[in-house]
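Q: What follows is the residue order along each chain.
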Amino acid sequence: MVDYRRDIPLAITFIIGVIAVLDYYTTFESISNTFTVIKNWGVVLQAFALGLGAINLLRVHGRRISEKRDGWYFSVWLLAMMFIFIIVGLMTGKYEAGATYSWLYNAIYLPLGATMYSSLAFYMAYGSYKVLRARNFEAGLLFITAVLVIIGNTPIFPAMFPSLFSLREWIFGPIVGGAYRGIRIGVGMGAVVLGIRTLVGLETGYLGRR
Amino acid sequence: MVSTDPQIWIAAFLTIAATSYAFRDNIVFKFAENTYIGVAAGHLVIMGIKNIRDYGWAHLAQGEFIYAVVFLLGILLYARYHGEYYWLYRYPIAFLVGNGIGISIRAAIHSDFTVQIAATATPLIASDAMGTINNLIMFVGVITALSHFIFTYEGIHQGALGWSPKIGRWMILLALGASFGNTVMTRFGMYQGRVIFLLREWLQIIK
Amino acid sequence: MTLVLISMIIPALNPLGLPLMVGSMSKAWYNTIDEAPEGSVILFDIGFGSGGYPSLGPGTIAAFHQMFENGHKIIMMATALEGSMMYPLIMASVKPEQNYDAVYGEDWMFFGYIAGGQTAMAGILGDIRALTSTDFEGNDVDTLPIMDGVNSADDFDIVAYVTTSGDTSEGWVYQAYSQYNRPVLGGMLSMMTTSMKPYYDTGQILGLMDGIKGAADLEFLTGHPGDAIISSDILSFSQTLVLIFIALGNIAYWMQKKGGS
Numbered sequence: 001m002v003d004y005r006r007d008i009p010l011a012i013t014f015i016i017g018v019i020a021v022l023d024y025y026t027t028f029e030s031i032s033n034t035f036t037v038i039k040n041w042g043v044v045l046q047a048f049a050l051g052l053g054a055i056n057l058l059r060v061h062g063r064r065i066s067e068k069r070d071g072w073y074f075s076v077w078l079l080a081m082m083f084i085f086i087i088v089g090l091m092t093g094k095y096e097a098g099a100t101y102s103w104l105y106n107a108i109y110l111p112l113g114a115t116m117y118s119s120l121a122f123y124m125a126y127g128s129y130k131v132l133r134a135r136n137f138e139a140g141l142l143f144i145t146a147v148l149v150i151i152g153n154t155p156i157f158p159a160m161f162p163s164l165f166s167l168r169e170w171i172f173g174p175i176v177g178g179a180y181r182g183i184r185i186g187v188g189m190g191a192v193v194l195g196i197r198t199l200v201g202l203e204t205g206y207l208g209r210r
Numbered sequence: 211m212v213s214t215d216p217q218i219w220i221a222a223f224l225t226i227a228a229t230s231y232a233f234r235d236n237i238v239f240k241f242a243e244n245t246y247i248g249v250a251a252g253h254l255v256i257m258g259i260k261n262i263r264d265y266g267w268a269h270l271a272q273g274e275f276i277y278a279v280v281f282l283l284g285i286l287l288y289a290r291y292h293g294e295y296y297w298l299y300r301y302p303i304a305f306l307v308g309n310g311i312g313i314s315i316r317a318a319i320h321s322d323f324t325v326q327i328a329a330t331a332t333p334l335i336a337s338d339a340m341g342t343i344n345n346l347i348m349f350v351g352v353i354t355a356l357s358h359f360i361f362t363y364e365g366i367h368q369g370a371l372g373w374s375p376k377i378g379r380w381m382i383l384l385a386l387g388a389s390f391g392n393t394v395m396t397r398f399g400m401y402q403g404r405v406i407f408l409l410r411e412w413l414q415i416i417k
Numbered sequence: 418m419t420l421v422l423i424s425m426i427i428p429a430l431n432p433l434g435l436p437l438m439v440g441s442m443s444k445a446w447y448n449t450i451d452e453a454p455e456g457s458v459i460l461f462d463i464g465f466g467s468g469g470y471p472s473l474g475p476g477t478i479a480a481f482h483q484m485f486e487n488g489h490k491i492i493m494m495a496t497a498l499e500g501s502m503m504y505p506l507i508m509a510s511v512k513p514e515q516n517y518d519a520v521y522g523e524d525w526m527f528f529g530y531i532a533g534g535q536t537a538m539a540g541i542l543g544d545i546r547a548l549t550s551t552d553f554e555g556n557d558v559d560t561l562p563i564m565d566g567v568n569s570a571d572d573f574d575i576v577a578y579v580t581t582s583g584d585t586s587e588g589w590v591y592q593a594y595s596q597y598n599r600p601v602l603g604g605m606l607s608m609m610t611t612s613m614k615p616y617y618d619t620g621q622i623l624g625l626m627d628g629i630k631g632a633a634d635l636e637f638l639t640g641h642p643g644d645a646i647i648s649s650d651i652l653s654f655s656q657t658l659v660l661i662f663i664a665l666g667n668i669a670y671w672m673q674k675k676g677g678s
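Residue numbers (our numbering), protein chains in the order written: chain A, 1 to 210; chain B, 211 to 417; chain C, 418 to 678.
Since the hints were derived computationally from the structure, they do not count as laboratory data.
A few of these clues could be false.
[What the hints assert, rightly or not] The calculated DMTMM-like cross-link candidates involving lysine to aspartate or glutamate, where the alpha carbons are at most 25 Å apart (straight line), are: (1) A:Lys94 / C:Asp524; (2) A:Lys94 / C:Glu514; (3) A:Lys68 / B:Glu364; (4) A:Lys94 / C:Asp557; (5) C:Lys444 / C:Glu486; (6) C:Lys674 / A:Glu138.
Please work from the sequences and hints to get the whole structure.
A: This is the structure in structure tokens:
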């Protein structure tokens, strides 16, 4: 008996995945044409998926507002900002290309986005004091290359001693190249195995609750 | 002297508000954080609607009525919020997962596996001594780093063979140290942009 | 934290003007564009947003300066959600119409943000007109001279991207190099360079612009100094401060250990 709630989605995953793989390894026009349609559908579906985040925020923060939990006024502000951007974007029909939307983006989103990611710099400085210590041989290995690369990346030191930059370049050559190639092969193998397991239905986590 | 552009003032205030967390969690940072989440979600929705229009609706309008299936699948994505019919969202998810996996693993076998192995299986002796040493280090790095991740055969981590994963661990630690060094530069490289903005565009004390 | 801020503000106010040492990977990026025949068609992905703009924006601007100077045709797209917001900021700095007599639609065009990550890449490289018939501003692509004879991967001479996302970075190698054997140039944050190095070493990526350092290198090589070169002085002070912190931390640790034993 086919379970239309699980077996059909698993079959869809398998069929779509196999068509994608066949498109790469064969030159049949029918496969290529079918996969072109699948690819283009994928773009539209991903676009639909972008709204899921907003819906989730509405649910979570809507509940927080209705239950008047701690900081509920921040939730009001959050949803207000979300709707302001949506309304302004849709108002002129120009979406993100509209002048008002661009103005709002450059005033609000750009500085916040740039600062949120970059304020980790302060924690890097603090972490360097607290964490980057040569406690033993292995920690010392990490310590030595970290320090040499930081020195090589700091323009004032190579300006005084150019060989420090050459040393940094050398570290990125055989040492980083060798170790990360091994990691890359391992990661690639793992990704392929996980992908095949998902395609044949051995990994079903993406289907969610039973 | 100081900028009179309200856009610059808003941007400067939000930059300082977001930075304030580095000193202490505070209400100004919470305000900035919630603003960021809200505008990010709003932007997501706008880009989603625009893409649906340009890459979905445009095809329907041109007479490709098969695209109605995509619209149906897209709407079914939101069924996950329904108590009884939540399982309908599995159909579009299955499509996305199958598509995503198929697109990435087919090339990963080539780029992450075949090409990398072929590049390692090359002559170690170079035209100069330094080149030969570099090739040797890289070869040893690849083999030992790979052996470090073998967990299905316990014997490789014991006895004489155990040296290989140990050396691999050391090579990986050396490489991770280099990665940390670059991460420091990344973070400082990002924040310097905000410092330059505050000094140049807002306070106008540098050119 | 205050010390970190001070270490960034002082060099911004009083630049040192230190010489720059150009990395080999950025030089390889520069050489690839420089050696490409005039009129080469380049597919360029703006794969970063506000988070990456401070370190990757200057490098992208320098890259575009070089491409326009060399008379290449640039077909731009964005796989990042904010990429289409980065486009006007970047073009406002490059000013192609003013500086290079470039014309939109003839010398460059922009598709805008395309959802889907690797799906979008596969779509653009597979069959552009099956994916879309319009550009970012709604113009029919068939009315744009730059799109004459350009419909899929074989029509692109180089695929270049600048991104903060590891998935995007790998994705272009998988889709452009692995599937279609296109020359690929990659720009990314410095902390991603180590994981992308295997692709560079094996020739799957021909040049790497690694973060703010790579951006400064490109600004120097192209002769268009900008924010990345200014940041070199800031990095000198701030990273020296980090080295001092590391030294102090280790001295404190070893003194504590010695005192304890």
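Q: May I ask which of the numbered hints given earlier this structure violates, with the numbers listed in increasing order?
A: 3
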